[in-house]
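Given these sequences and hints, build the entire structure.
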Amino acid sequence: MKSKLIIAIAAMGVTVLFSSCQKVPQAEIDAATAAIQSVKDAGADLYVPEAYQALVDSMKSANEKVEVAKAKWFPNYTKAKNLLVYVSQAAVDTKAKSEARKVELKAEVDALIVEVKALNEGNKALIAKAPRGKEGREALEAIKSDVAVAETTVTEVEGLLANGDLLGSDSKIKAAKEKATSIKAELEEAIAKKGGKK
Amino acid sequence: MMILRKQKRIRWIILILLSVVFVTMTICVIIVSQIKLPTDDLRLAREAMTAAKEAEANVYSESLYKESGRLYDSAMLNWARENSKFILFRDYTRVINFAKDSKKKAEEAEEESIKKASNLSKDVEAAFVSLGKKIELYDKLFKNLPLSKSVFDAHNKSKMFLSESKIAHENGKLKDAEILFKKADIYVNHANNAASKMLRDYFSDYNYWRKLANDAIAASRGENKVILVDKVAHILYVYQSGKAIRSFEVEFGPNWMAHKEYAGDRATPEGNYHILSKKAGGSTGYHKAMMLDYPNAEDRARFAQKKRQGTISRRTGIGNLIEIHGNGGRGFDWTSGCVGMKDRDIDDLYRLVGSGTRVTIVGSIEPLAVITKGFDF
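Protein sequence lines correspond, in order, to chains X and G. With numbering that gives the first Met the number 0, you'll find the first sequence wraps up at 197, consecutive numbering, no jumps. With numbering that gives the first Met the number 0, you'll find the second sequence wraps up at 376, consecutive numbering, no jumps.
FYI, nobody ran anything at the bench for these hints, they're computed from the structure. C-beta atoms are modelled at their ideal positions from N, C-alpha and C, and glycine is treated no differently. One should not assume that every hint holds.
[To be verified] Under the rule of at most 35 Å between Cα atoms (straight-line distance), these lysine-lysine pairs were calculated in the DSBU-like manner:
hint : chain 1 : residue 1 : chain 2 : residue 2
1    : G       : Lys277    : X       : Lys192
2    : G       : Lys278    : X       : Lys105
3    : X       : Lys64     : G       : Lys103
4    : X       : Lys183    : G       : Lys84
5    : X       : Lys59     : G       : Lys277
6    : G       : Lys182    : X       : Lys176
[Unchecked claim] Derived, one-sided and incomplete: chain X residues facing chain G with beta-carbon distance under 7 Å:
hint : residue
7    : Glu66
8    : Ala68
9    : Ala70
10   : Asp145
11   : Ser170
Now the structure itself:
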């Protein structure tokens, strides 16, 4: 009778022992991994690099927590699970931030394109008013070439924008704006000089 | 009796077994507690990698940073492998070693990245200065030369890439800045090399010009007035008694940096000429004008020779009607090869010189070294 009791107690102990062994939170790991990949695909590593890096770091920390739990007699994945859930949620936020930054950047580039196009058109009009002789059209070739470079840059920026390269188009359009503004100043100075001579 | 003895034996066996289990469990717990987990090492490696990434080691120390990442991944893989073994047989030594190596590489990557970024920043800044000087050289020496469109374009593109490079530098994107300034450098070198070659080639006639100028100045001795035109300086001098008594700014044709060879080449001739006639009022559309005797005998001989050589087409004429005239002061070279002056200047010159006055036109009175004052090209 006593031996039966001892066997029953031992069996219960084994049951308790195995029931306290949790399973690896594979679903959460897979979800967090997929969320990070989706964030990367959205270009977060380019547009919100700090937030993206924090996410990657958290994921690594979560993986370490999984292994820490695995290393124990009685694995408990609660901490790892919580962190993985957090990573999945943070990934959604980071993706939203990245998308917002892209929209903001695109609006900025679009506005700059409009501005530079207007500057280029204005510069062409100024070239028409710039001092010239009846035979001297060639003399303005240098400035025309400058305007042409600024126009080509706008076309290149539009191409980059179409390919989704917002960062590349941003720095290029800023340079084009600088160029178009300097041409405008040069032409206005030449016209003012001509006006002063009259 | 037998049953009692048997029960007693069973009890002893159970007791011994439980004791063995207890002792074994205790030993296992002691052994397991002695096993050092790689948790801290991996955390430190991860933190070192994050610090390296913040220092842009992925850009400036790519191989070390990647190596650090590979070692970290190996550590994690080995940790998972060890964890899959029975608890008493786990050995995290390799995991710890991988993590420590990963941390070391990440720290090296961070250090190298900071150093390289600093050096690159200095290089980029130095390149901006150097490019700025090249662009300044073009603007000061070459901008007004009658250069081809491809040279203008190259110069303008170089300025555009320089602007982009500066923007990238301001945004801390040194690698991008480096790529862009290299592009700018290629274009600016192309423009400056083409322009400097043109200038050097043009100045190959300097000794001839110097002789023409000296002869003109010598001819002004006595009371004779002589006009000496310096094309590079864009200045017309009036010499008398060997001294310049007046000087005026002048403009030429867009292709002024060449000797006039044929009609329509928009070049201003170089050589000795004379004022044939003076025009004012309705006889000229340029306020006042003084017609020169272009082509002279030398021009005709050169023209005939070039025709014979086939470098000038048979149907092309030598050109004529080269004048010193008004309507100038436009700030650029616009005539068809004539010498353009401001109206008030041509008024003065008109009063100062008469028909028959010698007009010597040279590329430059000063040698190239003086023209390029201090610019190394």
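The hints, checked one at a time:
1. G:Lys277 to X:Lys192: holds, 29 Å
2. G:Lys278 to X:Lys105: Violated. Lys278 of chain G to Lys105 of chain X sits at ~63 Å, over the 35 Å cutoff.
3. X:Lys64 to G:Lys103: holds, 22 Å
4. X:Lys183 to G:Lys84: Roughly 74 Å separates the two Cα atoms, so the pair is violated.
5. X:Lys59 to G:Lys277: Violated, at about 91 Å.
6. G:Lys182 to X:Lys176: Holds, because 19 Å separates the two Cα atoms, which is no more than 35 Å.
7. Glu66: holds, 5 Å
8. Ala68: Because about 9 Å separates Ala68 of chain X from the closest Cβ in chain G, which is outside the 7 Å limit, the hint is violated.
9. Ala70: With a closest approach of 6 Å, the Ala70 of chain X hint holds.
10. Asp145: It holds, given that the least Cβ distance between Asp145 of chain X and chain G is near 5 Å, below 7 Å.
11. Ser170: holds, 5 Å
When each numbered hint is compared with the structure, violations occur for hints 2, 4, 5 and 8.
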